[in-house]
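A.B. asks: Spelled out, the chains give:
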Amino acid sequence: MFLLLFLLIPVFAAILLLFVKKEQSVNTIAISAALVTLLGAVYIIISKTSSFDAAWLPLLNSRFTLQADGLAKILVLLTAISFPAIFIATSKNQPTQKNIFLSLMLLTQAGLMGVFLAGDALLFYFFWELALIPVYFLCSIWGGEKRIAVTFKFFIYTFLGSLFMLIGIILVYSHTGDQSFALASFKQAHLTSGMQLTAFALFFIAFAIKMPIFPLHTWQPDAYEQSPTAVTMVLSAVMVKMGLYGVIRWLMPLFPTAFIAHSNIVTLLSVIGILYASFIAIRQDDLKRLIAYSSIAHIGLMNAALFSHIQVGVQGVLVQLFSHGINVLGLWIVADIIEQQTGTRSMKDLGGLAKKQPTLAILLVGFAFANIALPLTNAFVGEFLMFNGLFQFNPWMAAAAGVSVILAAIYTLNMVQKIAYGEISAATNLMPAPNKNAQGVLIVLLVIVFFTGVYPQPLFNVTADTLQQLFVK
Amino acid sequence: MKIIIGLIVLWPLVGFLFNGLGRNIWSKKVIAYKATGYIAMSFIFSVLAFLNVQANGAATVHYFDFINTASFKIPFDFKVDALSSLFLLVITGVGTLIHLYSTAYMKDEEAPHYARYFAYLNLFIFSMLLLVLGDNYVIMFIGWEGVGLCSYLLIGYWFTNATYNYAAKKAFIMNRIGDLGFLLAIFWLIVKLGTVSYGTVLTAESLAKLSTTDITGITLLLFVGAMGKSAQIPLYTWLPDAMAGPTPVSALIHAATMVTAGIYMITRSNILFSASEFTQHVVAIVGLSTALLAATIAIKQNDIKKVLAYSTVSQLGYMFLGLGVGAYSGAVFHVITHAFFKALLFLGAGSVIHAMHHEQDIRKMGGLKSKLPITHITFLIGCIAIAGVPPFSGFFSKDEILAAAFAKSPIYWFLGVVGAAMTAFYMFRLYATTFLGQFRGTQDQEHHLHESPVAMTLPLILLAIASAIAGAIGVPELMGGHHWLSHQLAPIVGEAQEAALSHQTEWTLMAVSVTIAVVALLIALSIYRKKADGEPQTALGKFLYNKWYIDELYENAILNPLNKFAGFLKEVVEKNVIDGAVNGTGKLVQYSARQIRLLQSGQVGYYILFMVLSMILLFVIWFNDIAILRFLFQLTHKS
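Residue numbers (this note's numbering), protein chains in the order written: chain A, 1 to 473; chain B, 1 to 639.
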C-alpha cells in the first residue's frame, strides 16, 4: 500500500498545480510534494521489502502489482532525490505557465516511479509510456529553437523502441503457463530458444535506444541540448536508467540464454561506444553537448558491465545507477546556473568563474572530479567494480574501455579550465549574485558524492538481494 | 596503535577541512599556524608510530570495509612497518618544514587564496599518507590518485595563468595514463588471487599461483603506473612543466615525496618484481635511460627550477635503476637522501627567486653568494650532496645503487657513472652561475636583494644538516659501518646482496665514480665561475636546450592526430554517417507512408498506428507465430 504513495503524491500534486497560478505557491506545492516523496523513499530504503497488488485488467490477466526490491529501491531513491533537487535548483527559472510545466514534471516522476516499481509487464509498459508523454510535451513546448524537429526524432525513436518491446511482451505473455503478465510468470514462460532470441531482440531494442547504446544514440545529445535544462536533468539523471533497469529487471532473468549469447557483441558495441563518445566529447564547445557525450560514455560502461555478466561488474552497475544520477545531476545544475547567468553555453566565451563566483567554481571542480571517478568519490566505487567485471570477462576490452578514463580526464579538465580558470570573460562578468538555492542543492549532492564514495556499504546492502537473485540460482 | 596511526592521517585532513571551509573566515596567521601545526602533529605521531615499529615490529590495523560485496572485499586497513614508517617520517618531517617555509614564501597572497594553498598542501599530505599506509593496492591507489589531484590543483594554483593551467592539466593526464596501468594490474591481481591485500598477495604461496605471464604482465602494468607518477620515459615530460606551481610545492610534491611514490610501490611489491627478470631489465633500462636523458637536458637549461626538475627526473631514474638491479634498500636510501637534498635545493631556489623578485633565469643572477649567505651555504651543501661527494649523504645512496648495478652488469655501472658526472657538472654549473661571479640582474633587483626571513632559512638549515649527515643511516660494512637501513628493510626486501663484489672491487668502483664526479664539478666551476651560458650555438647545444624536442614529438605524433581523429568522428561520422542513416530511415518511412496513404496527414498518430500494424503483420509473417494470432483473437473476442 505504501508503494502506491510514490504514484499518488506526484499525480495528486500535478493535478493540484493545474489550478494554482501564483508562482510562489506553484514552487511550494511542487517542492513539498517532491520532498514528501523523498521522505517516503528514505523510508522504504530502511524498511523491509514491501509490495502492493490490486486488480487492474482482469480481462487480460494483468494486475496492478508494485514491488520494491533492491534494484527498485535504489532507483526510487534516485528519482526521489532528483526531483526536489531539480525543483529547488531551478526554482528561479521562469518558464511560461510554470504550473503546467511543473505539473508535467511531476507526472513524469510518477511515470518513472511506476517503471521502477512495476511487477507486471503490461503495467511496466504502461508506465514506460506514461513517463515519456509528459516529457514530449515539456520538450516541444518549452524547448530550444530546434525543439520541434529534435523532439519529434526523440519521440519517434523511443516510441519505436517501445513498440518493439510491446510486441516482445505479448510474445512472452502468450507463452506463459498461466496467461499472465506477472513478472514471476514471465520468468517461467516456456520459450523455445528461437523464441527467446526473438523476444530478447524485441526488448533489447527498446532498452538500447533508451540508454542509448552506440550507434542508436544520436537522438540524445540533440534532445539534451534542446530540452529545458530541468527536463534534461530528468532525462539524463533518471530516464536513461530506464534502459539499464530494463536490462536488469527483464532481459537478464527472462532470457538468460539469449543474453549470454549476445554478451560478446553487445559488450563490444558498448566499448566502442564508450571510446567514440569520449572522443567526441573532447571536441565539444557547447557545455550541454559535452555533458551529453560524457554521459553516453558513462552509460556505455554500465551497459558493458551488465552484458559482460560478471557478478562484481553487475554489483558495480547497481551502485553506479545511483551514483551516476547524482553526479550528472550536479553537473547539469552547474551548467544551468552558468547558462542562466551568463546567457551562453559556449565554453570559449566563458572563463574566470573561480574569480567571479569561487563557491560555484569549487562545486564545479567537485563534480568534475566525480565525473572522472576520482577515488573517494562515489563514481570510483562503481567504475572500479564495473571495470573489474569487464576485466574478468575480457582483459582487452577492459583495457580498451580503460582508455576512456584518460579521455574523460581530458575533456573534463578542459571544461574546468575553460569555465573556471583564466581571467574573467565578458560573459562571466555578467553573472549576478550567486544562486543560493542551487548552490545549496549542489552542496547536498556533493556530500552524497563523498559519503557514498568513502563508505559505499549502504548501497551494497540495499542492492544485495537483487544481486543474489541474478547470480545465485 | 590504531588511534595513533589513524591520527597521523586525520590531522592533515582536519587541516584541509579547516582551511578549505574557512577560507573566507580565518586570518592569515591562523591559517598558517593551523596548517603547519597539523602537519607537525602528524610528524609527532609518525615518530610514535616509528618507535612502536622499532619496539614491537610491524602492525596492521583495520578501520572499516571500504568495499565488501558478495564476491570480494577491500578492507580499509593501514600497515606500519619499517618501510612505511620511514616514508611517514620523511613525508611529515619534510612536509612540516615546507609548510613552515610556505608561510613566509606565500605571504603576499590574499587570505582566501592563502587558505586555499594550505588546504591543498594539507590534502596532499593526507593523500600521500594514505598511499604509503594503505595495506592493499586499492588504498594505495586512492592515495595515488589523490596526490595526483593535489599536484594538479597546486600546479594550477595561480589559475588565471593559461600556461600554468595547461601544465596542470598535462600533469594530471599523463599521470592518468600511468594510473590506467596501475588499475589494470589491480584487476589482474583480483582475477588471479581474489584479493589485493599485501598480506596475501606478496607471499610465496600467491606467487606460486601466478604464471610467468601473469607476473610479467602485472609487474609491467604496475611499472607503467610508476612511470607516470615518478616521471620516467616516456611519461616524464609533465614534471618539468609542473614547475609552474609555487616553489615550495615543487620541493614537496615534485621532488621529495609524490614523485617517489613509484619507488615505494615497486619496493612494496618487490617479491613480484624479483620474480620477473624481464620486468627487472625493463625497469633498469628505463631508469638508466631516463637518468641519462634528463641529465643531458639539465646541462643546457637556464631556468633555476627547470634544472632542478630535470635533475629530479634524472635522480628518479637512478632509483629505478636500483630497483631494476634488485637494490631495493639502495633505492629507498636514495629516496630518503634525495628528499633531503632536493627539497633543500628547491627551497634554496625559492629563496633566490624570492630575493630576485620572481626572476628564475640564472643568466640574470650571479654573485648572490654575499647577499644571501645562508641560502648560499645551504645550497652549496645540497649541490655537494647530490654530486656524490663523500661524506655527504648522496654519495652513500648513489654508490650503493651503482655497486649493485655493477654486480648486474658493468655497462649499467659505466653509464651510471657517466650520468653521475653530468649530475656533478650541471649542479655546479647551476651553483656557479647563480652564486659566483658578478651580479647580472637589473639595478633595481640588486637594490632589493635580501636574505629570506627565518621561517624560510630555518628549514634550509635543517635540511642542509640532514643532507650532510643522512648518509649515516646507510654506511656500508665495507667502511666499517653497520648499514642500519638495509637491516631495517630486510624483513620486507630481503637481505641486500652485497657479497657479490669483493671489497677491492667496491673500493675501486667508489674511487672511480667519486674522482669523475669531482673532476666534473671542478670543470663546471672553472667554466661558470665568471660567466653564464649564452644562447646555445652548436647543433647539440640547441638540441639539448630544446629538450630533445620530445614535447614537439608528442604533440605532432600523438596529440594532433588524436585531436584530428576526434574531430573526424564529431564532424563526419556522427553527423553524416550515423545521424545521416537515422534521418535517412526516417525520411524513407515518411515518404513511403505518404505514397501508400496518398494523403499528407502529417499527424504522428497515423504514422504510429501504421507502424504498429505493419510491425505486427511483419512478425506474423516472419515468425508465423500462432501465439500472437491467438492473443489478438482473444483481445478482440473478449471485448
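Source of the hints: derived by calculation from the structure; they are not laboratory data. Among these hints, one or two may not hold up.
[As the list claims (entries may be wrong)] Pairs of lysine to aspartate or glutamate, EDC-like flavour, derived with a Cα cap of 20 angstroms:
{"no.": "1", "chain 1": "B", "residue 1": "K570", "chain 2": "A", "residue 2": "D222"}
{"no.": "2", "chain 1": "A", "residue 1": "K187", "chain 2": "A", "residue 2": "D285"}
{"no.": "3", "chain 1": "A", "residue 1": "K355", "chain 2": "B", "residue 2": "E535"}
{"no.": "4", "chain 1": "B", "residue 1": "K564", "chain 2": "A", "residue 2": "D286"}
{"no.": "5", "chain 1": "B", "residue 1": "K575", "chain 2": "A", "residue 2": "D285"}
{"no.": "6", "chain 1": "A", "residue 1": "K153", "chain 2": "B", "residue 2": "D579"}
{"no.": "7", "chain 1": "B", "residue 1": "K530", "chain 2": "B", "residue 2": "D361"}
[To be verified] From chain B, some residues computed to sit far from chain A (all C-beta separations above 12 angstroms):
{"no.": "8", "residue": "N24"}
{"no.": "9", "residue": "D444"}
{"no.": "10", "residue": "I492"}
{"no.": "11", "residue": "I527"}
[Unchecked claim] Which chain B residues face chain A? A few, computed with CB under 10 angstroms, are given here:
{"no.": "12", "residue": "V61"}
{"no.": "13", "residue": "F64"}
{"no.": "14", "residue": "S71"}
{"no.": "15", "residue": "F72"}
{"no.": "16", "residue": "K107"}
{"no.": "17", "residue": "R116"}
{"no.": "18", "residue": "W144"}
{"no.": "19", "residue": "Y152"}
{"no.": "20", "residue": "A168"}
{"no.": "21", "residue": "L220"}
{"no.": "22", "residue": "F278"}
{"no.": "23", "residue": "Y545"}
{"no.": "24", "residue": "F565"}
{"no.": "25", "residue": "E574"}
{"no.": "26", "residue": "I578"}
Bear in mind the structure is a predicted one, so any value in this text is a computation, not a measurement. Even glycine gets a Cβ: it sits at the ideal position worked out from N, Cα and C.
A.B. asks: With reference to the structure, classify each hint as holding or not holding.
C.D. replies: Each hint, compared with the structure:
Our distance criterion of 20 angstroms between C-alpha atoms is met by K570 (chain B) and D222 (chain A), whose separation comes to about 13 angstroms. Between K187 (chain A) and D285 (chain A) the CA atoms are separated by roughly 46 angstroms; this puts the pair beyond 20 angstroms, and the hint is violated. The suggested pairing of K355 (chain A) with E535 (chain B) is violated, with an alpha-carbon distance near 39 angstroms, which exceeds 20 angstroms. A threshold of 20 angstroms between alpha carbons decides the hint, and for K564 (chain B) with D286 (chain A) the separation of about 18 angstroms falls inside it, so the pair holds.
Distance restraint check for K575 (chain B) and D285 (chain A): the Cα-Cα separation of roughly 16 angstroms lies within the 20 angstroms cut-off, and the hinted pair is therefore satisfied. Between the alpha carbons of K153 (chain A) and D579 (chain B) the distance comes to roughly 11 angstroms, so the proposed pair stays at or under 20 angstroms and holds. For the hint pairing K530 (chain B) with D361 (chain B), the CA-to-CA distance comes to about 16 angstroms; that is within 20 angstroms, so the pair holds. With a least beta-carbon separation of about 9 angstroms from chain A, N24 (chain B) fails to lie farther than 12 angstroms from that chain, contradicting its non-interface assignment.
Distance check for D444 (chain B) against chain A: the nearest CB is about 27 angstroms away, which clears 12 angstroms, and the non-interface claim stands. Once the 12 angstroms rule is applied to beta carbons, I492 (chain B) is consistent with being away from chain A; the minimum gap is 25 angstroms. No Cβ of chain A approaches the Cβ of I527 (chain B) within 12 angstroms, the least distance being about 42 angstroms, so the stated non-interface status holds. A cut of 10 angstroms between beta carbons decides the hint on V61 (chain B): the least distance to chain A is about 17 angstroms, and the hint is violated.
Below 10 angstroms, beta-carbon pairs count as interface contacts, and F64 (chain B) has one with chain A at about 7 angstroms; its hint therefore holds. Of the supplied interface hints, the one on S71 (chain B) holds, with its beta-carbon coming within about 5 angstroms of a beta-carbon of chain A, less than 10 angstroms. Evaluation of the F72 (chain B) hint against chain A yields a held restraint, the C-beta minimum of about 7 angstroms falling below 10 angstroms. Checking K107 (chain B) against chain A by beta carbon gives a least distance of about 21 angstroms; that is not within 10 angstroms, so the hint is violated.
The beta carbon of R116 (chain B) comes within 9 angstroms of a beta carbon in chain A, closer than 10 angstroms, and the hint placing it at the interface holds. The interface hint given for W144 (chain B) is met, as the beta carbon of that residue sits about 8 angstroms from the closest beta carbon of chain A, less than 10 angstroms. Because the closest C-beta pair between Y152 (chain B) and chain A is about 8 angstroms apart, less than 10 angstroms, the hint holds. A cut of 10 angstroms between beta carbons decides the hint on A168 (chain B): the least distance to chain A is about 8 angstroms, and the hint holds.
With 10 angstroms as the threshold, the beta carbon of L220 (chain B) stays out of range of chain A, its nearest partner Cβ sitting at about 13 angstroms, so the hint is violated. Interface restraint check: F278 (chain B) against chain A, minimum CB-CB distance 19 angstroms, threshold 10 angstroms, status violated. Taking 10 angstroms as the C-beta contact cut-off toward chain A, the hint placing Y545 (chain B) at the interface is violated, the least distance being around 29 angstroms. Evaluation of the F565 (chain B) hint against chain A yields a held restraint, the C-beta minimum of about 7 angstroms falling below 10 angstroms.
Of the supplied interface hints, the one on E574 (chain B) holds, with its beta-carbon coming within about 6 angstroms of a beta-carbon of chain A, less than 10 angstroms. Look at I578 (chain B): its Cβ gets to within about 5 angstroms of chain A, closer than 10 angstroms, so that hint holds up.
When the structure is compared with the earlier hints, violations turn up for hints 2, 3, 8, 12, 16, 21, 22, 23 and for no others.
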